[in-house]
Amino acid sequence: QWVWSEFKTQSGSRKIAVKTLERVKKLIWLAAQDVRGWVTGCEVYQRQELARLCGVKPDNWSHNYANYWREMCDIFKRLDRESLICSVKIRAQQKATFSRRDIAKVN
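In my numbering, the protein residues as written are 1 to 107.
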């Protein structure tokens, strides 16, 4: 839901046809899977396969959907990057806290 909300925010006032928007909504989970595959070094979706899954011809995909797809994937990649940065910061704080000598003083 967050990625879809972010996508709509980035789209701003850009007009998207209702039919196109409905198809793009259905692509959000495929974009999540695609980015997961990209992050883990597995296969990612190819344009023709995405066009088929979306129910459009490949040239229609390239003309009407490819940019939306890239935007969604970029949002997922940014989310992944930001969550990793957050995890690293939290882990560094934990290490700093637990490595202090005065925490476990023995009388």
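The hints are simulated quantities; they were obtained by calculation from the structure and are not laboratory data. Be aware that one or more of the hints could be misleading.
[Stated by the list, open to error] With beta-carbon atoms standing in for the labels, derived distance ranges:
1. Leu-21 / Leu-84: 17 to 25 Å
2. Ile-16 / Gln-93: 35 to 43 Å
3. Val-18 / Arg-52: 38 to 46 Å
4. Asp-74 / Lys-19: 21 to 29 Å
5. Asp-59 / Gln-1: 28 to 36 Å
6. Gln-93 / Asp-59: 49 to 57 Å
7. Val-88 / Trp-38: 40 to 48 Å
8. Leu-84 / Lys-19: 35 to 43 Å
Ideal placement from N, C-alpha and C gives every residue a C-beta, glycine not left out.
Going through the hints against the structure:
Distance hint for Leu-21 and Leu-84: a CB-CB separation of about 31 Å, inconsistent with the stated range 17 to 25 Å. Distance hint check for Ile-16 and Gln-93: the Cβ-Cβ separation is about 42 Å, which falls inside the suggested range of 35 to 43 Å. Here the CB-CB span from Val-18 to Arg-52 is close to 22 Å, at odds with the stated 38 to 46 Å. Taken as a hint, the range 21 to 29 Å holds for the pair Asp-74 and Lys-19, whose Cβ atoms sit roughly 23 Å apart.
For Asp-59 paired with Gln-1, a C-beta distance near 31 Å keeps the hint of 28 to 36 Å intact. Restraint check, Gln-93 to Asp-59: a C-beta distance of roughly 51 Å satisfies the suggested window 49 to 57 Å. For Val-88 paired with Trp-38, a C-beta distance near 20 Å fails the hint of 40 to 48 Å. Remark: the range hint 35 to 43 Å for Leu-84 to Lys-19 is upheld by a beta-carbon distance near 36 Å.
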